[in-house]
Amino acid sequence: NAGVMQNPRHLVRRRGQEARLRCSPMKGHSHVYWYRQLPEEGLKFMVYLQKENIIDESGMPKERFSAEFPKEGPSILRIQQVVRGDSAAYFCASSSIRTSGKNIQYFGAGTRLSVL
Amino acid sequence: GQNIDQPTEMTATEGAIVQINCTYQTSGFNGLFWYQQHAGEAPTFLSYNVLDGLEEKGRFSSFLSRSKGYSYLLLKELQMKDSASYLCADSGGSNYKLTFGKGTLLTVNP
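Residue numbers (my numbering), protein chains in the order written: chain A, 1 to 116; chain B, 1 to 110.
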């Protein structure tokens, strides 16, 4: 029973390039969340998606960042024209249909983005 | 706003008991979560509390007091493999947007 799968585990980009991070949720999960973890900081919420819908993107920077969760295939977090400040660990989490109040999110191992 | 506070680091001895505290301030509340994260790995779900009191699960227990905005994670019979960061998070009023503290790095010494 595979957990949340993220790839690549490590990604190196030069300033101005594009970064594409992929996340396959746990089997049976239809809710996906992306978080960013900067050094010495806690995980920060970025976006919440369901299949073909962005539910809440209040944590996403307004420019250069986008996310999608298509009907088929993994969720993608896309960062255009990366800058050094984008260097961080990006974690994806997934959950099943939420019952009242309880929404346990299961995390992938993350993608560590380094911008040179 | 939401603010999660927990100690930065703790040290304990193998076989001992350690309590990691967490305080939170939130305008809404949908539960308090604890995760374990080893360096370079995924945060792993440990516990969820939404009602006051103690939830026990093997060597790990978690406590919640909603009136005090306070939780703790209790680890018993510490093992070397318990050396990790422990993350406290609350889901506030949204029920899905977890707000994490910076984590408590626990080192278990022999």
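If you're looking for bench data, these hints aren't it; they were derived computationally from the structure.
Honestly, I wouldn't trust all of these hints.
Here's a subset of chain A near chain B, in silico, CB distances under 7 Å, partners left out [said to hold, decoys possible]:
#	residue
1	A2
2	L38
3	G42
4	L43
5	F45
6	Y48
7	P61
8	F65
9	N103
C-beta atoms are modelled at their ideal positions from N, C-alpha and C, and glycine is treated no differently.
Each hint, compared with the structure:
1. For A2(A), the shortest C-beta to C-beta distance to chain B is roughly 12 Å, which exceeds 7 Å, and the interface hint is violated.
2. Taking 7 Å as the C-beta cut-off, the interface hint given for L38(A) is violated, the closest approach to chain B being about 10 Å.
3. With 7 Å as the threshold, the beta carbon of G42(A) comes within range of chain B, its nearest partner Cβ sitting at about 4 Å, so the hint holds.
4. Interface hint at L43(A): satisfied, since its Cβ lies 4 Å from the closest Cβ of chain B, which is below the 7 Å cut-off.
5. For F45(A), the suggested interface contact is upheld, since its CB lies about 5 Å from the closest CB of chain B, less than 7 Å.
6. Restraint check, Y48(A) versus chain B: the minimum CB separation of about 6 Å is within 7 Å; hint holds.
7. Below 7 Å, beta-carbon pairs count as interface contacts, and P61(A) has none with chain B, the closest being about 16 Å; its hint is therefore violated.
8. Hint status for F65(A): violated, given a least beta-carbon distance of 17 Å to chain B, over 7 Å.
9. Evaluation of the N103(A) hint against chain B yields a held restraint, the C-beta minimum of about 6 Å falling below 7 Å.
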